[in-house]
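A.B. asks: Sequence:
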Amino acid sequence: DNLQYQKPYEFCSKLLNYDSELIKKARIIEPDISFINKEILLNICPKIDHTLLDELTKKF
Numbered sequence: 337d338n339l340q341y342q343k344p345y346e347f348c349s350k351l352l353n354y355d356s357e358l359i360k361k362a363r364i365i366e367p368d369i370s371f372i373n374k375e376i377l378l379n380i381c382p383k384i385d386h387t388l389l390d391e392l393t394k395k396f
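For the sequence shown, position 10 matches number 346 in the numbering used here, and the numbering has no gaps at all.
Possibly wrong hints are sitting among the right ones.
Here are the simulated distance ranges between beta carbons [claimed, not checked]:
id	residue 1	residue 2	range
1	338	364	29 to 37 Å
2	379	340	24 to 32 Å
3	382	339	19 to 27 Å
In the BS3-like style, the derived pairs of lysine-lysine whose C-alpha atoms are separated by at most 25 Å in a straight line are [as the list claims (entries may be wrong)]:
id	residue 1	residue 2
4	350	374
5	343	395
6	383	343
7	394	374
8	360	350
9	350	394
10	361	395
11	383	360
12	383	350
13	360	374
14	343	361
15	361	394
16	374	343
17	343	394
18	343	360
19	395	383
Treat the hints as calculated values from the structure; they're not laboratory data.
No residue lacks a Cβ here, since even glycine has one placed at the ideal position from N, Cα and C.
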């Protein structure tokens, strides 16, 4: 019933397939999750698909 959350869930699942600790590592660099950006995530895991990161880090 929560279709609005389906795509974000899929994007997050794909992101965590790269590194299950990625968000935890990013929050060490930037504690405020709203300021975690594409560059931070790529510094931690350069293999992440850029299109996926664009979706996850765009303003909503």
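A.B. asks: Hints first: check each against the structure and report whether it holds.
C.D. replies: Okay, the hints, checked on the actual structure:
1. Between residue 338 and residue 364 the beta carbon distance is about 30 Å. The supplied range of 29 to 37 Å therefore holds.
2. Checking the proposed 24 to 32 Å range against residue 379 and residue 340 shows it holds: the Cβ atoms sit about 30 Å from each other.
3. Distance hint check: the CB atoms of residue 382 and residue 339 are about 33 Å apart, inconsistent with the given range 19 to 27 Å.
4. For the suggested pair residue 350 and residue 374, the alpha carbons sit about 15 Å apart, so the restraint of at most 25 Å is met.
5. Among the hinted pairs, residue 343 with residue 395 is consistent with the structure: their alpha-carbon atoms are about 15 Å apart, no more than 25 Å.
6. Pair hint residue 383 plus residue 343 holds up; C-alpha atoms about 21 Å apart against a cutoff of 25 Å.
7. Distance hint between residue 394 and residue 374 is fulfilled; the C-alpha atoms sit about 9 Å from each other, no more than 25 Å.
8. For the proposed pair residue 360 and residue 350, the alpha carbon gap of about 16 Å is at most 25 Å, so the pair holds.
9. Annotation: proposed proximity of residue 350 to residue 394 holds, straight-line Cα distance about 16 Å (limit 25 Å).
10. Under the criterion of a C-alpha separation no larger than 25 Å, the hint pairing residue 361 with residue 395 is consistent with the structure, at around 22 Å.
11. Only pairs whose Cα atoms come within 25 Å are accepted, and residue 383 paired with residue 360 is accepted, the gap being roughly 17 Å.
12. At roughly 12 Å between alpha-carbon atoms, residue 383 and residue 350 fall within 25 Å of each other, so this suggested pair holds.
13. The hinted pair formed by residue 360 and residue 374 meets the criterion: a straight-line CA distance of about 15 Å does not exceed 25 Å.
14. Only pairs whose Cα atoms come within 25 Å are accepted, and residue 343 paired with residue 361 is accepted, the gap being roughly 23 Å.
15. Distance restraint check for residue 361 and residue 394: the Cα-Cα separation of roughly 20 Å lies within the 25 Å cut-off, and the hinted pair is therefore satisfied.
16. Between the alpha carbons of residue 374 and residue 343 the distance comes to roughly 18 Å, so the proposed pair stays at or under 25 Å and holds.
17. The hinted pair formed by residue 343 and residue 394 meets the criterion: a straight-line CA distance of about 13 Å does not exceed 25 Å.
18. Between residue 343 and residue 360 the CA atoms are separated by roughly 21 Å; this keeps the pair inside 25 Å, and the hint holds.
19. Between residue 395 and residue 383 the alpha-carbon distance is near 23 Å, which keeps this suggested pair within the 25 Å criterion.
When the structure is compared with the earlier hints, a violation turns up for hint 3 alone.
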